[in-house]
Each structure stands twice: as structure tokens, then as C-alpha cells.
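Visitor: The primary structure of each chain is shown beneath.
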Amino acid sequence: MPPLTKMHFADVLVVPLQEALHDTAAEEITEEIISEAERKNARGVVIDISALDVVDSFLGRLLQETVRALAAMGKKVVLVGIQPGVAITLVELGLPLDGIETAFNLESALKKL
Amino acid sequence: MTRSNIDYESIFRNTPIAVRTVSKDKIVLASNKEMAALSGVPMDKAIGMPCDEQFGGELCETACPLKQAIEGKKIVLEAEKTGANGSEILVRMYASPLVSNDGETIGIIESYIDITREHEDEARIVSFQRELLEVSTPVITVWDGVVSVPIMGTLDSERTQLMMENLLEAIVDREAETAIIDISGIATVDSSVADHLIRTAKAVRLVGAVPILTGINANIAQTIARLGIELEGLKTMSTLRDGLRYAISLQKADQ
Numbered sequence: 080m081p082p083l084t085k086m087h088f089a090d091v092l093v094v095p096l097q098e099a100l101h102d103t104a105a106e107e108i109t110e111e112i113i114s115e116a117e118r119k120n121a122r123g124v125v126i127d128i129s130a131l132d133v134v135d136s137f138l139g140r141l142l143q144e145t146v147r148a149l150a151a152m153g154k155k156v157v158l159v160g161i162q163p164g165v166a167i168t169l170v171e172l173g174l175p176l177d178g179i180e181t182a183f184n185l186e187s188a189l190k191k192l
Numbered sequence: 005m006t007r008s009n010i011d012y013e014s015i016f017r018n019t020p021i022a023v024r025t026v027s028k029d030k031i032v033l034a035s036n037k038e039m040a041a042l043s044g045v046p047m048d049k050a051i052g053m054p055c056d057e058q059f060g061g062e063l064c065e066t067a068c069p070l071k072q073a074i075e076g077k078k079i080v081l082e083a084e085k086t087g088a089n090g091s092e093i094l095v096r097m098y099a100s101p102l103v104s105n106d107g108e109t110i111g112i113i114e115s116y117i118d119i120t121r122e123h124e125d126e127a128r129i130v131s132f133q134r135e136l137l138e139v140s141t142p143v144i145t146v147w148d149g150v151v152s153v154p155i156m157g158t159l160d161s162e163r164t165q166l167m168m169e170n171l172l173e174a175i176v177d178r179e180a181e182t183a184i185i186d187i188s189g190i191a192t193v194d195s196s197v198a199d200h201l202i203r204t205a206k207a208v209r210l211v212g213a214v215p216i217l218t219g220i221n222a223n224i225a226q227t228i229a230r231l232g233i234e235l236e237g238l239k240t241m242s243t244l245r246d247g248l249r250y251a252i253s254l255q256k257a258d259q
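These protein sequence lines map, in sequence, to chains A and B. Everything in the first sequence is counted per the working numbering, starting at 80 for the first residue and increasing by one. Everything in the second sequence is counted per the working numbering, starting at 5 for the first residue and increasing by one.
Just chain B, with the same shape it has in the complex:
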């Protein structure tokens, strides 16, 4: 087998990625099997067609990459296109110069990968993550005027933000006088987690409720002491039960 007896045409035809060649004046020169499947235009019919008629989309009118690709600029972009049977699909497109036998650039080579599914999956994952976050910070009314938020796992800034929003909304909606933030479910506390907790407590105080931090076990207490974390006047207690008892005593003192 030598280089010369390879049918290069067949490589083009059978490549498992949609490929087509387009002339400088935007006419399709050739297109392969995958391209036919993606666009819905048979291979032989595509030849001689305007490129945006075979496989076009909004991009063709607004930002046709042909000129840049001819100049040799590397083109990789994502675009919406009209696929077979008129459906909207999202593709990743690659474009590079098409060179004739005499070394002259006569058009471009375009390759397309259908990423519609991939994109949908990504969006779904993001929405799942968001949902998971939502359910991981429930705000529970544990007593008249007392709300509690148990925190499990790790507390990063994104979760803190969401927890803060949920908690503050709940305080305002339910007119809670006390908010218990329970961290018994947190494995370790470092200075950034402590900082998140302090910020939450400050925000709680601003909307008019008293923040109480509970669930500080011996391990966490030692860490707090060792790191020299200052909990700045935040009421802390070891168990949720103690916190609730304290919250109720505050209410009684008020009456």
C-alpha cells in the first residue's frame, strides 16, 4: 500500500464528521455523507448550491466566517443552523482554507459537529446542580418566630449566597425574630467558611432577626480557637436544642 493508491475522495466521503468545501463565491463544491445527513441535502444535489441554502443559519447573514477563513485565520465557533427537516440545531464549526493543486486558495473547508444534545445535557446539569443546591439549604420554621437552616457538607461562596438569600427571604416572609444556623452537618470549618457564616449572620441581623449559630462540636470549636477565628459577637451554641431554647427565652424576655 503506497500513498498514491489511496482513494482520497473516499476519505472525504466517509469521514464520520460532516465536511463540505465552499468556493470563494459561497457555492458548495463538495459535501460528504455526514454533511448530507446533517443538512438533509443529498451529496450530489448539494454541489453548486449556495452554501447558506444547503446549510445556513443566522450566522450566514450576520457574521459569515468565509473571508477570515480564506485569510488563514483559524475558525472555531458555535452557531445555530437549520438542520435536516427544518429543525434548529446547534453546531460547532471549524473552517480552514481550501487550496487547489497549484497552491491557490480557492475557498474553504468547513467541518461541523452537532452539539445540540451536548448543549442540552450541559444545561440540564446546570439546572440539576441549582436544584440540588436549593434543596440542600431548606429553611425550616422550628418554632413560632424561629427559623432554622441546617447546613450539610461543605459551604462554599455559591452555597453561602444561596443559603443567605433563602434564609433572609424566609425571615422577612415569616416575620421570624430568630434565625438558627445549624452547622452540625459540616465536617470542618476553615477561615473562609467562618467568614461566610459571619457574613450570613450580619445580613440576618440587618433584616431584623437575631442570628444564632449552633452545632459547634468539639472538633470545630478547637479549629475555631486554633485559627483564631473571631465570631464577632455571634451567639454560638453546641446543639440545635440549646439554640432553640435560647431563641424561646429571648421571646419570653420580650413579652
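So that you can see chain A by itself, here it is in the shape it has in the complex:
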């Protein structure tokens, strides 16, 4: 697993996810995102999933949990770059990530925070 890229813009944590995430890798990554957000006391978190062409129900649920956990910690979260196919899959899976902010690129994500 390549190391997770973590970028900080002022008090915003930006994390681009790599393509082809295995279940265990995905779990580790979400934990890392949450603890990083806590450590740096980020106000907002941007998760960029534009590199993901496909998601399955596991990854979809994991994303939802991650966003909820971050929201519970009072962080504003924006998911960036959900591909059309991924969006359709999430809706079909009944995981429309209700109440989650989304944006199509980093710029508009940062604007939303």
C-alpha cells in the first residue's frame, strides 16, 4: 500500500485516495484520516476520490462511516471528484451519503468549507 498523501491548506486537511483500494487498506486509510484530522485539529476535511472508478458496498459504507465520524468530531467534510459511475453505484446501493457535501473539484470544495 502506498503511503497516504496528506496535505494541509491552513486548517483544512486534504486527502486524495489512490485507486484500487483493498478492504483492509481502505479501513486503515479511514482510520488514518480520522486520527490525522484529530491530531492537526483540522476544521475541514476534503477527501478526493476522483481516482476511484468503481466502489463496492464495503467501500461505500466505509466512506459514509468516515464522513459521519468526522462530522461527529465537528469537522466539515467535503467529498470531491465522485465519478459518474461511482455516483450511480452509490445510489443503486442505497448509499446516497445523505447530508454529505460534495464538489467536483478541489477548488469548489475549499470554497464550500
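Derived by calculation from the structure, the hints in this document are not laboratory data. All values reported here derive from a predicted model rather than from experimental measurement. For every residue, glycine included, the Cβ atom is placed at its ideal position computed from N, Cα and C. Heads up, a few of these hints could be off.
[As the list claims (entries may be wrong)] Okay, derived cross-link-like pairs now, PhoX-like style, lysine-lysine, Cα gap no bigger than 20 Å in a straight line:
1. K77/B to K28/B
2. K30/B to K78/B
3. K71/B to K28/B
4. K85/A to K119/A
5. K190/A to K256/B
6. K256/B to K191/A
[Stated by the list, open to error] Computed footprint of chain A on chain B, listed as stretches where at least three residues anywhere in the stretch have a Cβ under 8 Å from a Cβ of chain A:
7. 172-185
8. 210-218
[As the list claims (entries may be wrong)] Label-pair distances were calculated between CB atoms; the ranges are:
9. D199/B to E110/A: 34 to 40 Å
10. S188/B to K191/A: 27 to 33 Å
11. A151/A to V139/B: 43 to 49 Å
Guided by the hints, dock chain B onto chain A, whose structure is given.
Guide: Same frame as chain A, now just chain B:
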């Protein structure tokens, strides 16, 4: 006219469907006029020929149905064959047991119908339908950062799927912030149509744009209310104009 003075041979010869008889050891016993036309092998020349030489194809090597047909199993299948002048043709084949005068099964009767044209027509119809679907869900950029998709006629799941794909692609490609789904061209809305619309709106939100549903006339509004359809926080407006005005106001608020 009695049964006995009918020339049964002539029935076989002149049947307007390609027919041949094949022995157990895969030798052609007889073949009719249509068969000659289909295979390109004259009637008299075909007799005594190996059956796959007269009229063969891939099927002969992979899944020859002779044995099953002899056992009396009803055979109907579609296969590619080499027709007259070596062209590839698609045929529907029927096979049944051939019985001698003493009641012994000595081979099979095969009938062929050329369905090449039929098959091509079907493929063409499918591609036309697809094309028609494509053009029936155009995604138009109506303003900077605002795309719109007008929906006409009926919205079934296949169309929803295609509309969703087209719309989402357009949003991502054109970096649209707002997507207006205009249903003024839809006659009626039932719960399944509403469900399709809601799913589309959710997907739009996921790729990062704001979905707006416009074109809800009095009739549709009443139906929605009567059926108790919950549009789940989806912004709805009666005209496309209102929707566009709202989309532009969102952009101004952003700046």
C-alpha cells in the same frame, strides 16, 4: 385424389424450406431445391457427400446435433454456416429423426431457415432504439455552470439510467454547479417515475452539483401530493425559467 397417388418425393423436393436428410454416419441422403440454393451444391451432387462438406460451419466441429436428433430430442438451434459462394450466413436449424420403412431410425431430417436478414434487422432496430434514446435525453448548457436536461414522454428505468449517465458525464465534463431536470414534457408522474427522478437527483448531488427539478405543472403537483411522494429535499420549481433564475442566484451567492 387418394393418399396413395401423391408424389411424396415432390413434396420433399418442392418444399419452400431447405431440407435434407443425413445418414447416421453423416452422409447426405437427399437434399431439396431450397437446400441446393442455400448451400450452393446442386441436388444431385449433394447425395453421398459428407454433410459438413455440403453445408457446414463451426457447429459441425463443436456441437454436432446429429446424435441427439437421432435419439429423438427436439433440436432447434441457430448457427453460422457457410452458404452458397462461401458467404457466412445465420440459419435456424430444426432436426428430427429419419425413419426407414421398417421403422428403424437411420439418420436425421434437417430443415434450415436463413435468418441472416432477420438478425441484421433486429440488430439495426436495437441500435436505432439506442440512438433514439440518446437523442431523447440531450444535456444542454443553458448558462455558465448550469446544465439542463429536458425529459419528454415517459421515463422508464432504462431511460433514467441513460439520462443519469449523460447528465452526470456532462456535469463532470463541463464542471457544472447546477443541473436542471425539466419534466414539462412528461405527461404523468407515478411513484416509479418519482423514484427515478429522486435517484437521479441524488447522483447529481454526489458528483458535486445542485439538482433542481422544474416543469412541475398543476397536474403533476397534484399527483405528487395525492400519492404522498416525498421529493426529499429536492428543489422543485414550476418552470425552467424559475429554475434557471434560482441557479444563477446560487452562483451569485457563492461569489
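Visitor: Do at least three Cβ atoms from the segment 210-218 of chain B come closer than 8 Å to Cβ atoms of chain A?
Guide: holds (count 4)
Visitor: Please work out if K77/B and K28/B have their alpha carbons no farther apart than 20 Å.
Guide: holds (15 Å)
Visitor: Check whether three or more residues of the segment 172-185 of chain B sit with their beta carbon closer than 8 Å to a beta carbon of chain A.
Guide: With 6 residues closer than 8 Å to chain A, the segment 172-185 of chain B meets the three-residue bar; holds.
Visitor: Using the beta carbons of D199/B and E110/A, state whether their distance is inside 34 to 40 Å or not.
Guide: Holds - the Cβ-Cβ distance for D199/B and E110/A, about 36 Å, lies within 34 to 40 Å.
Visitor: Take the C-alpha atoms of K256/B and K191/A, compute the straight-line distance between them, and say whether it is at most 20 Å.
Guide: Judged against 20 Å, a Cα distance of about 14 Å means the pair holds.
Visitor: Does the hinted range 43 to 49 Å hold for A151/A and V139/B at CB?
Guide: At roughly 47 Å between Cβ atoms, V139/B and A151/A fall inside 43 to 49 Å, so the hint holds.
Visitor: K71/B and K28/B were given as a pair; does the straight-line alpha-carbon distance stay at or below 20 Å?
Guide: The hint holds at about 8 Å.
Visitor: Would you mind confirming whether the straight-line C-alpha gap from K30/B to K78/B stays at or under 20 Å?
Guide: holds (18 Å)
Visitor: Given the hint that K85/A pairs with K119/A, test it: the Cα-Cα distance must not exceed 20 Å.
Guide: holds (11 Å)
Visitor: Please verify whether K190/A and K256/B have alpha carbons no more than 20 Å apart.
Guide: holds (13 Å)
Visitor: Cβ-Cβ distance between S188/B and K191/A: within 27 to 33 Å?
Guide: holds (31 Å)
Of the numbered hints listed earlier, not one is contradicted by the structure.
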